[in-house]
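For the record, the sequence lines run as chains A and B.
If you're matching positions, the first sequence starts at 11 in my numbering and goes up one per residue.
If you're matching positions, the second sequence starts at 11 in my numbering and goes up one per residue.
Since the hints were derived computationally from the structure, they do not count as laboratory data.
Predicted model, so just to flag it, every value in this text is computed and none were measured.
There could be a bad hint or two in this list.
Unchecked claim - Here chain A is said to cover these stretches of chain B; the calculated rule only asks that three of the stretch's residues, wherever they fall, bring their Cβ under 8 Å from a Cβ of chain A: (1) 31–43; (2) 58–68; (3) 127–136; (4) 139–152.
Every residue gets a Cβ at the ideal spot worked out from N, C-alpha and C, and that includes glycine.
2 protein chains.
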Amino acid sequence: MADTPDHPRLRLREFLPYRLSVLSNTISRRIAEIYDREFGLTIWQWRVMAVTGDTPGISATEIGQRTAMDKVAVSRAVAGLIELGYLERKSSDEDGRRSQLYLTRIGQSVYEQIVPLAQSEERILTAVLTPEERTELTRLMEKLAAAASPGGPLW
Amino acid sequence: MADTPDHPRLRLREFLPYRLSVLSNTISRRIAEIYDREFGLTIWQWRVMAVTGDTPGISATEIGQRTAMDKVAVSRAVAGLIELGYLERKSSDEDGRRSQLYLTRIGQSVYEQIVPLAQSEERILTAVLTPEERTELTRLMEKLAAAASPGGPLW
DNA sequence: CTGATTTAGTTTCATATGTAACTATTTGGC
DNA sequence: GCCAAATAGTTACATATGAAACTAAATCAG
Chain A
11 MADTPDHPRL RLREFLPYRL SVLSNTISRR IAEIYDREFG LTIWQWRVMA
61 VTGDTPGISA TEIGQRTAMD KVAVSRAVAG LIELGYLERK SSDEDGRRSQ
111 LYLTRIGQSV YEQIVPLAQS EERILTAVLT PEERTELTRL MEKLAAAASP
161 GGPLW
Chain B
11 MADTPDHPRL RLREFLPYRL SVLSNTISRR IAEIYDREFG LTIWQWRVMA
61 VTGDTPGISA TEIGQRTAMD KVAVSRAVAG LIELGYLERK SSDEDGRRSQ
111 LYLTRIGQSV YEQIVPLAQS EERILTAVLT PEERTELTRL MEKLAAAASP
161 GGPLW
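Sequences and hints are given; from them, build the entire structure.
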């Protein structure tokens, strides 16, 4: 009896939330480092570039929904990108509160470098998995995400 | 041709580092909220409790290694736990720089509540997976961790 | 032994982040 | 139309975090 009820133990290394956090942080740090070095972008700015490139004219609120960022983070990332000259903002005609965001010419060219670089990073990382394993990982992560997010079994 | 080379797109939702980050943050937030509410502990303090309970007399440096925390974070978490009366520090006899950390009586009782609570959280979360899926998830995460960390194929 | 180097841990400082308050605009009840 | 409530986004403030400098103790070369 290595583990009696009166001597509870927790092996952190086997604790899923811990393992997920360490893995995610390791990968995020790698990526953050690359985007900072290559383009002077933070992860948040990079996410905003990604969705704005994908959907020109998108609003800050929509960006928040698509990137899992809160509105303050979006606001700051957008401000930084405008500062860098990668993004421009027009105020919507129908709704004066809403802003419409577009990549500038320079922003577009950065975007076009960013996307293949991201894809290549992902490819290198997932190269250790077979295609079936990748599919399976996605499936398992989706199950967990559904369980962990509001609306899941614990809420 | 929905995706020609001259119009690269990146669907953030399908981008593994993004999905991992969102999943990890969702789970971490849930847990952080519980530990804060129940015991007034941060995630870092909680991790320190976990390894100190597991290995009484452990040093701050060792805690850092086991918890993937840097030494500043460990130092702050330990200071907070001593403040709370959950931890006590003795200076090592053999090495005056090294501290030896122990749970206090109260800390021990908190630890004994913390562990089952963590295990129960994990069980609830992973209840959406079959035992085989849990094993598989662990295996896939380990492969990714090996690829992403220093020493992996990209370093 | 003695001074240079390394190591454990803390403190400092600059930056990042989250919450709440705020501004501007729109919407909806009447 | 007009005021109350809701919404988009920004700003301010308080706290968290990380890098680098620092302190104290141990080790190592000579």
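field: Hint numbers contradicted by this structure
entry: none
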